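Let's have the full structure, built from the sequences with the hints guiding it.
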Amino acid sequence: MIFLAALRKEIFGQWRSYRLLVVVAVFLAFGLLSPLAAKFIPELMKLMPNGKEIARLIPQPTITDAVAQYLKNSSQFGVVLALLMTMGAVAQEKDKGTAALVLVKPMPRSVFLWAKFAALGVTFIIGIAIAGAACYYYTLILFRAPDVSRWLALNGLLFLFVLVYVALTLLCSTVSRSQVVAGGLAFGLVILLSGTGAIPGIGKFLPGQLLAWGAWLAAGSKETAWPALWISVGIIGAALAGAWAVFERQEL
Amino acid sequence: MPVIYTQGLRKTFGRVQALNGLDFSVEPGTVFGFLGPNGAGKTTAIRVLTGLARPTGGCVRVLGEDIVASRRGIAGRIGYLPEEPAFYPWMTAYELLDYIGRIFGLTAEERKVRSKKLLDLAGLTQTGGRRIGGFSRGMRQRLGLAQALVNRPEVLFLDEPVSAMDPAGRKEVLELIGSLRGQCTVFMSTHILTDVDRVCDTVGIINHGRMVVEAPREELIARYALPVFEIENDSSSAGKFAAWAENLRSMSWVATVSVNGTVVRVVVNNVEEAKKKLLASAIRAGLILTRYEMIRPSLEDVFLQLIGEEGKEAG
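Protein sequence lines correspond, in order, to chains A and B. The first sequence begins at 1 in my numbering and counts up by one. The second sequence begins at 1 in my numbering and counts up by one.
Keep in mind that the hints were calculated from the coordinates and are not lab data. Among these hints, one or two may not hold up.
The calculated lysine to any residue pairs, modelled on SDA-like cross-linking and capped at a C-alpha distance of 20 Å, are [what the hints assert, rightly or not]:
| hint | chain 1 | residue 1 | chain 2 | residue 2 |
| --- | --- | --- | --- | --- |
| 1 | A | K222 | A | F205 |
| 2 | B | K117 | B | E172 |
| 3 | B | K277 | B | R249 |
| 4 | A | K96 | B | R249 |
| 5 | A | K96 | B | P89 |
| 6 | A | K96 | B | S163 |
| 7 | A | K96 | B | E172 |
Please read these numbers as outputs of a predicted model, since none were measured by experiment.
Written out as structure tokens, the structure is:
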């Protein structure tokens, strides 16, 4: 019951402060623009001086290009939104005193944290669902209809990828008392994960590989990246457990 | 059995000793005034008593239970108003009280009734549907008090509850706090002595993180306050009045003399001697008196005396 009360308050807060709307708008924009960009960039190139020569070098756009654009844009901005939406989640409440006002009452700190994570998850799932539907529709019009089950799986992987950064930023927000410091710490973790992902042999185990798996799904490949999925789930679990362990010991 | 009990309570922040062996107890149903100068350790003590901070050492029991071991159990039975209550600016006052009611597990009907009653009590019925972001400091303070009462607490912790209020709001809230006497135990920190004088029946004075004195208010005044005489002189004999007042300072039965215009305030250390000699000396000096009165010593006199002695000892 307390979890539901906390979750309701978090979702309500995101709605009232327009944060839910911003996330949906950003994802929707990239969901709509990605297939359009894939289709019309060669056409736009032709309008440039010597553009026809350049356009001739670019292969005919396909559904794979549309999906690649969608995954690239949504994942990059998904990470940025994950940082911006989450960095103040706990830090700001500690700093302003609202955390003390609520946690002096019989609300467990774990519930306080996990309701925030769940609410952010709901926000991103709504954003990605709308973006996925928009992108599916434009891809269908401009190219052909992607396979529905593979499309759903692709968006599920994108959601899990974003959720990793939500969980890591929530940990940073719990550790710090300032949302700026939390954002800085989270950005450092993004750089660290991106840098580690570039090391040959290691990248296939990291969350970034989920996006590659998504692209394989769209291309009809049977290749998978299960280790990256389990490690991503593990990172989320570890970040939440870490945040809880730190939060339980903090004075408000 | 005391509702709040501390023994040897210590709290340190690095090298700073905020609480330095704090000992006190609060009896059920009383309004306890926790008095002290700024920086004495009042807010730190309340944070420890409510479980928001952990003690460095010593024993803290609230409602008979150890606050460190049973924080969650006690949380359902207490109310807390911080010095500067912070809220979610996007919520309305009604939504906040409803949310707090949900945390305490109240049913929808209970929440509705309780929220309306508390908004009325806090004088926020007309603004209950407005977002808290637009509230004044006084309105926030009253909403803070309302949210602290949602669960009908057995112990209510109030940290400087009227510090942000105008005189009318202050009077209303103090009356509300006074009306809680007997229904729950109120633990109220403040540095405003007149507020304590108005509503508290028991007073604890804290300084440098330890309790200087703790007693029922009247007993405290009777035990510590020196008797005070106030004499008002007609302005036509102002010259004689100043000389007489100066002369009083040398008397063995006089503790302090302070002159304010045509009024002299004499704190005495031997009331019988003063009764015999003070008026007689004024007549001998040829003063034309318009008022001669032995006044009731105030809590402020006790506070200044005790804190002053502490300062001297520390010095």
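Structure-based check of each hint:
1. A:K222 with A:F205: Distance of about 18 Å is within 20 Å: holds.
2. B:K117 with B:E172: holds, 16 Å
3. B:K277 with B:R249: Measuring from Cα to Cα gives roughly 13 Å; hence the hint holds.
4. A:K96 with B:R249: This hinted pair is violated, its Cα atoms lying about 52 Å apart.
5. A:K96 with B:P89: holds, 11 Å
6. A:K96 with B:S163: This hinted pair holds, its Cα atoms lying about 19 Å apart.
7. A:K96 with B:E172: violated, 27 Å
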